[in-house]
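Undergrad: Sequence:
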Amino acid sequence: MRRAGEATMQINLRFFASVREALNVAEEPNVEVPEGVATVGDVRRWLCNRGPVWAETLGEQRALRMALNHEMVPAGTRLTTGCEVAFFPPVTGG
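For the sequence shown, numbering that gives the first Met the number 0 assigns the number 0 to the initial residue and increments by one for each residue that follows.
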């Protein structure tokens, strides 16, 4: 958690494949996250508050992969200022 007077953390968001298509956005650079958003999972929950399409696409009921700085990570992974958080649908093959 940030202390009083500290700058708001900024992160970069990226969305891929069906997630990008559903949200109609590929990336959002320099997004300020509110206090209390400290992990990749927190970002996911915070983004769900943007509206019904966001909640349906990124909600906990959906199987998604998340990456921090190009590395797949679990939801509890902590953010760092300027990091890139990316969301992917699960990869399947045939």
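Possibly wrong hints are sitting among the right ones.
[As the list claims (entries may be wrong)] Cβ pair distances, simulated, as ranges:
(1) G40 x A16: 27 to 33 Å
(2) E55 x E27: 14 to 20 Å
(3) G81 x Q60: 29 to 35 Å
(4) Q60 x A16: 16 to 22 Å
(5) G58 x V30: 27 to 33 Å
(6) E31 x V90: 27 to 33 Å
(7) E20 x T80: 25 to 31 Å
(8) V24 x P89: 17 to 23 Å
(9) E55 x E31: 22 to 28 Å
Derived from the structure by calculation, the hints contain no laboratory data.
Quick reminder that beta carbons are idealized off the backbone N, C-alpha and C, glycines included.
Undergrad: Work down the list of hints and note, for each, if the structure agrees.
TA: Verification of the hints:
Remark: the range hint 27 to 33 Å for G40 to A16 is contradicted by a beta-carbon distance near 20 Å. About 18 Å separates the C-beta atoms of E55 and E27, a value consistent with the hinted range of 14 to 20 Å. Our hint of 29 to 35 Å for G81 and Q60 holds, since their Cβ atoms are close to 30 Å apart. At about 18 Å, the beta-carbon gap between Q60 and A16 stays in the expected band of 16 to 22 Å.
The given range of 27 to 33 Å is broken by G58 and V30, whose C-beta atoms sit roughly 19 Å from each other. The supplied range of 27 to 33 Å is met by E31 and V90, whose beta-carbon atoms lie about 31 Å from each other. Look at E20 against T80: about 29 Å separates their beta carbons, and that is inside 25 to 31 Å. Roughly 20 Å separates the CB atoms of V24 and P89, a value that falls within the hinted 17 to 23 Å.
In this structure the hint that E55 and E31 lie 22 to 28 Å apart at CB holds, the actual value being about 24 Å.
Hint check: violations occur at hints 1 and 5; the rest are consistent with the structure.
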